[in-house]
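Undergrad: Given the structure of chain A, go ahead and fit chains B and C onto it with the hints provided.
Protein chains in written order, with my numbering: chain A, 1 to 292; chain B, 1 to 239; chain C, 1 to 363.
To be clear, the hints were calculated from the coordinates, so they are not data collected in a lab.
Beta carbons: idealized from backbone N, C-alpha and C, even for Gly.
Among the hints, erroneous ones may be present.
Which stretches of chain C does chain A cover? Using the computed rule of at least three CB atoms under 8 Å from a CB of chain A, they are [what the hints assert, rightly or not]:
#1 105-117
#2 271-280
Cβ-to-Cβ under 7 Å is the rule here; a few derived chain C residues that face chain A [stated by the list, open to error]:
#3 Leu24
#4 Leu209
#5 Ala236
#6 Gly286
#7 Ala294
#8 Gly297
#9 Leu305
#10 Val306
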Amino acid sequence: MQEFLEFTLGGIATGMIYAAIALSLVLIWRGTRILNYSQGGMAMFTTYIAWLVIRDTGSYWAGFAVALAAGLVLGSVLEVAVVRPTENKPPLNAVIVTIGLLILLEGAAGIIYGGQYRSFPAAFSIKGLKAGSIGLGISPNDVFTAAAVLAAALILALVFRYTSVGLRLRAAAFAPAVARLLGIRIGRVLTLGWALAGLFGALAGVLVTSSTFLYPNSMDSIFVLGFTAAVIGGLDSPLGAVIGGIVLGVVLSYAGGYLGSNLVLVYGLAALVLVLMIRPTGLFSSATVRRV
Amino acid sequence: MTESAALAVEDLVAGYGGVTVLEAVSLAAQPGTITAVLGANGAGKTTLLRTISGLVRPRQGRILIDGANLARRRPEDITRAGVAHVPEGQGVVTELTIEENLKLGGLIRRGSGRGAALADAYQRFPLLAERKRRQAGTLSGGERQILVIARALMAAPRVLLLDEPSLGLAPRMVTQVMDLVRRLRDDTGLTVLLVEQNARSALAIADRGLVLNMGKVVAADDAAALSADVALRRHYLGF
Amino acid sequence: MTLARHLGAAIVVAAIVVLLSIQLSAYRDYQLAEVAAYLVAVAGLTVLIGLSGQISIGHGAFMAIGGYTSALLLTHLGWPLALILLASVVVSAAGGALFGVAAARLRGPYLAGATLMLAVALPTVADQYQHFFGGDQGLSVAITTPASLGATFPPTRWQAWVTCASALIALILLANLARSRVGRSWRAVRDDEVAAALSGLNVARLQVLAFVVSAACAGLGGALLAVVTGIVAPGAYTLTLSIALLTAAVLGGLGTLPGALWGSLVLVLVPTYLTNVGTSHGLSSGASSSVPIAAYGVILIVVMLVFPAGIQGGLRRLFGSAVDTPPALSRWRVPFTRSAGTSPPPPLRPPAQGRENQEEGPS
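Isolated chain A (complex conformation) (with noise of 0.2 Å):
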């Protein structure tokens, strides 16, 4: 009993670095319908810029922000300088593009940082949590995790809810060319998108690498698993993203501690499979699949 409430929290704990993913996914998905596959690659990178900022200032939270600043920055240029070109060209160029951004950010980390495995600071206490003599699986790093994710993606769905420029991002979601029509300029809002995608990964990289090793492929398979926890909610959908990402952590967490947790990936492999031969649109989304 005790191993399934560690399962299950420290599953909800993980899956929301999934859900961070997935949102950033979902934010790029459904303006431009590109999925980013360097958003791995930029979450790691922001993540080095961390690093950096708290060997130098010894203040983790300092990091923390620069980190997410450069986020922005980050998103905002790589759609402008490379993305933005691949916009009447046909889907496979961006494809294509984003993967090769993705390897050229390893390749850079590899370059400016060297390949080594590196140690990245937690934000608080990673000992495990008790209630009374029962663990619980998670620690207070982790709730912190959960907590900055949920507060985050609460925060953007304010946005989008009240505000106007969260207006502009749904109208450029939902129907640019009658967006364009009223006079919104449609490129700002997509270059608005990319920056709020690259806040999101950053946001996800500093939280997941206290937990393993920061290197240049070290966001590989945390992608991955975010992509896979926003096919599940739908890609279309932000609160998918984040309803995706909490069943897979969770799923996986069982499945690893029950079944032995070498093979996560590849759980998530056919958890993957499973969703796109079953419900391929996911979850949540309204998106109807065309056919002949």
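TA: Below, chains B and C alone, put in the same frame as chain A:
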């Protein structure tokens, strides 16, 4: 005539890919008038509006809005110059509420103007005020048409391009919409370019009429004169 | 007739390779063998992407399957080399069939994501069953030069012969396939899936077949590479490998077999050069080995933005149609798409290229 016109088009040539749809089309719409753009399916009426609003890039010709040539500019810029285009099929954003749709139209205004524009819209269209929190997808065809016109007005345009507003509407709604357009011209001095299949209703409220056939202008005259020309009506307009 | 032409060309090439391998130093023979091994894998991938319109960023996984199969067979059963290579092809083809069937209905970014996941997930299997797969250390692969060639025959030359012969056979088969009805069907599906289905083609079966063929090629390439490098380990089959294969296919020219050759040459010759550039500029060895990785990224981005038809496309433009035609990259559809921008109402018929156009209506 083009000097005083709110909207003028000179020798416009436009099309898609290898196909030319508009061949040297010219027109001049005076401020505060309704110009009906008529003709059969495929004559180029929709393409004309899309070229004026910037969705289609013209190959040749000028588009003058209050005297300034805005051909080849992007739709966002042309809208900000005071041209509102309500496309065929309305373009209601069904995932948003009525109020959000309206607000969307007002986004290009400065912050202070937006609130006033919204209040104006609710005053002029009490139907929308009643249902402002409802999802726009729940509206009927006629209500949607009213919504998109109201949305277009949020930006306080000087020129309104209306593409087939009567499409798919019951006759009673068609009358309501046409009435609305007429009142807008009377009350606010709006210049309207009205593309319509339903030539009879359009000519009933229009000041001028333009008849297109195969991308060329075959007739341009006062609306009354066009209505009286039985041969023309029978040949090009179907009534 | 094409088969005869291909065989003739292959014989000429084989003769050249033999002469070359004798002239070249042992190190260059080793590189020749590497090029041949990658060539097989890249050729399969370029056929998958360029001809059948499916993307894979996970073909490193199929190379791993082929490599580990040959290593295990060699270690435990000691089969002759030809049989081992054949077995690697069969096993990888089976893996390709399995994945292909599961992914048959996936398109665009969903398929790419699934293959990405395959690339990242599969190496972890070696960690789970360490005893069998040799864990992080991997398994060694050692083949012996046949006695009939004499005791002083350089093993690198033998490896070059084996790999080049395998590559030639694979290329002939691929070339014939590309020109056969299957190849034409692939192109039809790539260009317009709905029209192809309506005209009676079994789209799912064709897509799975393309996966099987490309996975088989990757498996053979993996087995050959294992023979050449002498080892299989999880570290040899990283995501970087899958992306490197993609880079080679894209740079060379998607869908063209000569393009696969240009890409493989770059894949083998350029990284060492770039790493050396890195070290000569004072980078640590870890950092300088990342230079080629960054270079792959730059290549992918620049090629896609500036000359999507790749090297072969450029050659074709210079030398005319004597050279293979790279397919148009415009025929690739994204599922569940709503109009992502303004597009004109189709005056005549719906356009079949680029992002899906959902606006229809009278003009």
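Undergrad: It remains to establish, for every hint, whether it holds in the given structure.
TA: Verification of the hints:
1. 105-117: Contact hint for the segment 105-117 of chain C vs chain A: holds, 10 residues under 8 Å.
2. 271-280: violated (count 1)
3. Leu24: 30 Å, violated
4. Leu209: 19 Å, violated
5. Ala236: Nearest chain A Cβ about 14 Å off; hint violated.
6. Gly286: 4 Å, holds
7. Ala294: 3 Å, holds
8. Gly297: 3 Å, holds
9. Leu305: Constraint on Leu305(C) satisfied, holds at 5 Å.
10. Val306: 9 Å, violated
In terms of the numbered hints stated before, the structure departs from hints 2, 3, 4, 5 and 10, listed from lowest to highest.
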